[in-house]
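Construct the complete structure from the given sequences, taking the supplied hints into account.
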Amino acid sequence: MVSLLGLIVVWQLAAMVIDDTLLLPSFVQVLAALSNTWQEILTEDLPISLLHFGLGVGIGLLVALPIGMSMGWFRTADRLLDPIVEVVRPIPPLAWIPFAIVWFGLTNEAAGFIVFMGAVFPILINTYIGFRSLPRVYVESAKVLGATKDVDLIRYIAFPYALPSIAGGIRIAMGIAWMCLVAAEMFGVSTSGLGYKIWSYYYLHKMDYVLLYMIVLGVLGLLLDRSFRYVVEERMLRWRAGLMQ
Amino acid sequence: MALLEIKNVGKLFQVDGQDMEALQDINLSIRDHEFVCFIGPSGCGKTTLLRIIAGLDDPSSGSVYLDGDLIMGPGPERGMVFQEYSLFPWRTVIDNIAFGLELKGVNKKERLERSKQYLKMVGLERFSDRYPHELSGGMKQRVAIARALVNDPKALLMDEPFGALDAQTRNIMQSELLRIWEEERSTVVFVTHSVDEAIYLADRIVIMSARPGRIKDVISIDIPRPRVRTSTEVNGIRDRILADLKSEIVTS
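Protein sequences appear in the order of chains A and B.
Just so you know, we're using this note's numbering here: the first sequence kicks off at 1 and counts up by one.
Just so you know, we're using this note's numbering here: the second sequence kicks off at 246 and counts up by one.
These aren't lab readings, by the way, just hints derived from the structure by calculation.
Some hints could be false.
Here are the computed lysine-lysine pairs in the DSSO-like style, where the Cα-Cα straight-line distance is at most 27 Å [claimed, not checked]:
#1 Lys-353/B / Lys-149/A
#2 Lys-149/A / Lys-349/B
#3 Lys-361/B / Lys-399/B
#4 Lys-354/B / Lys-149/A
Quick caveat: nothing in here was measured; it's all calculated off a predicted structure.
See the structure below:
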């Protein structure tokens, strides 16, 4: 808290010395921008950006979990899908922007698609790794206790075992998705949203607003990450508490 | 009729493209409510034989019957306790024990009731809601035994279950196991490399030879329980088994 206050003081002083809103808007100017636009942020930009984010991460989960799980559990699925994943995965998500626009137009779906491309692989890979590292003794214990079907072994053994790894993948995916979101909106895949506003205020040379939106993005990203960690790690993965130290 | 019938069981493994004979021509009948220990030098295939009985490995030749039925794969009527700690770390103690009942579709109330009963049997009622990482090694194996027994198995298969425990805990666990066995009256097949453990526990000790693994000798132990680990009778049997095993280690 002290260090943050210090940063704000240094920032404000530096802005006063530089005395050029284009180069560095001051803290007070950014506050003023906030008081002018907070309603717009809350009612327009935030819902749109969260929609893009939710679409991308949500569909990313729906696609990545079943694929990662079947690749981790079934040899054939691994052999079949691994080459495809390895070829598509290194393509930076932002390189999909032209196709996103051609396929979806300037819609929420297009931005969601870019976010999806950023989110899907970290979840997929971590699910796969979690399944692959499952010790044999848990599978055999489950078998001698009566779980002989693949569906039971996946549901009761592999999935709960892999959950910490999957949760880690989701956290990484959310971070990448957040970056992709801003880039997708900035490059004109969308006509509103937090990222879009940064770019449009830049065109107007209103750097105090640019900085305000940057800060809003940072704080929101932090909040998303913290709330995910709280819900998943504190509640769902309590059994790991003693294992991680 | 015997409960477990092991008939002409052999097992080949492929090692670097060559066949390695892990088990050769194993024949043995185990009675209902019998406590049988397998003992032998490492590499004699005793664990492999236990895994074949469990249904986790297939024999290359021969077959195993439980109550007259051919064993085709793993199942809850043959409970197993592993050497390594095998409790599911994401489940609490009580939920680990209830796992088999959950799979059978037993409703939650009955599941918990029956699991609690077995938790009490192994003396860990107070640890019901703990996670496995909060338990000591001996406690973990107690829970593993309860988890196998709650399925009401006809045979309990144990693969050096106390191998990782310190000597003191190990002795306590052996007496506890005998008490539980007498209460439950299920058949126990127990693999160990400790001669003392085998003599303390077993009705019959099966001595195996190495490469290929064969039954070398079967010794019945009629000393009434609880056995005194240092009595002259126990010492006599121990000398005989050790001599048997020594010749094995020299020849292998």
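* Pair hint outcome, Lys-354/B versus Lys-149/A [Cα-Cα no greater than 27 Å] -> This hinted pair holds, its Cα atoms lying about 25 Å apart.
* Asked: Given the proposed pairing of Lys-353/B with Lys-149/A, does the C-alpha separation stay at or below 27 Å?
  -> holds, 22 Å
* Asked: Does Lys-361/B pair with Lys-399/B here, judged by a C-alpha cut-off of 27 Å?
  -> This hinted pair holds, its Cα atoms lying about 21 Å apart.
* Pair hint Lys-149/A and Lys-349/B, alpha-carbon separation not exceeding 27 Å -> Satisfied, since the Cα-Cα distance of roughly 13 Å is no more than 27 Å.
Comparing the model with each earlier hint shows no violations; every hint is respected.
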